[in-house]
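Chemist: In order, the protein sequences belong to chains A and B. Take the first sequence: its position 203, counted from the start at 1, is 202 in numbering that gives the first Met the number 0, and no numbers get skipped. Take the second sequence: its position 73, counted from the start at 1, is 72 in numbering that gives the first Met the number 0, and no numbers get skipped.
Source of the hints: derived by calculation from the structure; they are not laboratory data. Quick caveat: nothing in here was measured; it's all calculated off a predicted structure. Virtual Cβ for every residue (Gly too), placed ideally from N, Cα, C. Misleading hints may appear alongside valid ones.
Only some residues are given here: those of chain B computed to face chain A with a beta carbon under 10 Å [stated by the list, open to error]: (1) Ser37; (2) Pro38; (3) Thr87; (4) Gly106; (5) Lys110; (6) Ile139; (7) Ser140; (8) Lys150; (9) Asp167; (10) Asn175.
There are 2 protein chains.
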Amino acid sequence: MEKILLNEKILAKNDLIAEELRSFYKKNGIFVLNILSSPGSGKTTLLEKILPQMKEIYNILVLIGDLQTTNDAERVSKTGVKAVQINTGQACHLAAKNIYNILKDIGDSSKINLLIVENVGNLVCPASFDLGEDMKLLVISTPEGDDKPAKYPTAVDASDCLIINKVDLLPYVNFNVQNCINYAKGVNKNLTIFTTSCYTGEGLIDVIKFLKNNVDKKNHDNSGY
Amino acid sequence: MEKILLNEKILAKNDLIAEELRSFYKKNGIFVLNILSSPGSGKTTLLEKILPQMKEIYNILVLIGDLQTTNDAERVSKTGVKAVQINTGQACHLAAKNIYNILKDIGDSSKINLLIVENVGNLVCPASFDLGEDMKLLVISTPEGDDKPAKYPTAVDASDCLIINKVDLLPYVNFNVQNCINYAKGVNKNLTIFTTSCYTGEGLIDVIKFLKNNVDKKNHDNSGY
């Protein structure tokens, strides 16, 4: 079982850096959201739709992981929010050191109060790499099929919130929303679940409200009241 | 760069087992097809649709990788083709040893002449793990977006054939088939590309013909003619 031992070594090293990040976030009052999904589930479209409202309230930085291309950072930048692309080459996930290196380079990172990480599109590996985040948000889209939470339980178990996206495609795909919710709750009964269409905007007001509540709660807790 | 060194060690060990598998396949005249895609791109539906015709010609075994559940093996078994589920737990890909262990356990594996591996749904890691296969077939579905070949070039570069699936959803999603083809050919100009709807059956006759030509070519080459 050599492979598992090697992975444990990688994860232990990652956890150390994640702990450093967590201290930095706490000290500077930064809420960190880590967004996970398969490729093409709608992570970037979600950001394009919610950032215009959220940037009025928070000082936001978005970090985006992809093997190649800067497509997503370019799309997100158009909202007026600073977005930095991290190209991982062959790596299937963002690691804590990727985040650490960016924050080290950005001089004014302590002024941010909301850091959003759009992870590499992959329903498996990113769930195992702690980035020191406050919340993991998982996106599953309707064309992927309603059994995905059962087939990829690691990401569901690690997440605080699940967005079932692309509900505008429900008439054309074989997807039962209630089945998906049942599978997801079967893995993680504490999940907060939203159904959205990031294309039409359906359901996004509730997502923004939920995120705002969580960011403000952390700031309030940190302020000592 | 410890991580890359560790991964190289894992891959080198995998390559050794893959070489053993390749010898076994050659000796027994087995063509091996390794199918890769994101979660929910349509790998299992593709098999459900093409196996009823292909089982009339070949003695087929299907191995299916998923972290959890036996859903897909159950679906494929209904076609009358033997399907074995491999649950990888937390692992994001099938490794050569997974295939080796199954073939060792199945007494009559030498009677198979077509082994189809449906890999874990993941557009990154499975591309790096050699299973001794003759062909890698990559499935990308239209709801994922036409830029996926550019963002996930490793899988495109490693594959022999690309199926652009779910063309029945083209009226409802933001996907330009020609853009996707251009991105894919930009990474790997030797790719054979098909557009299909595994739901309606569109384009599948050409896929079956292509697979049959390749399987028969290997058998012919091996026969010494």
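Chemist: Could you tell me which of the numbered hints above are not met by this structure, giving the numbers in increasing order?
Modeler: Checked against the structure, the hints that fail are numbers 4, 5, 10, while the rest are satisfied.
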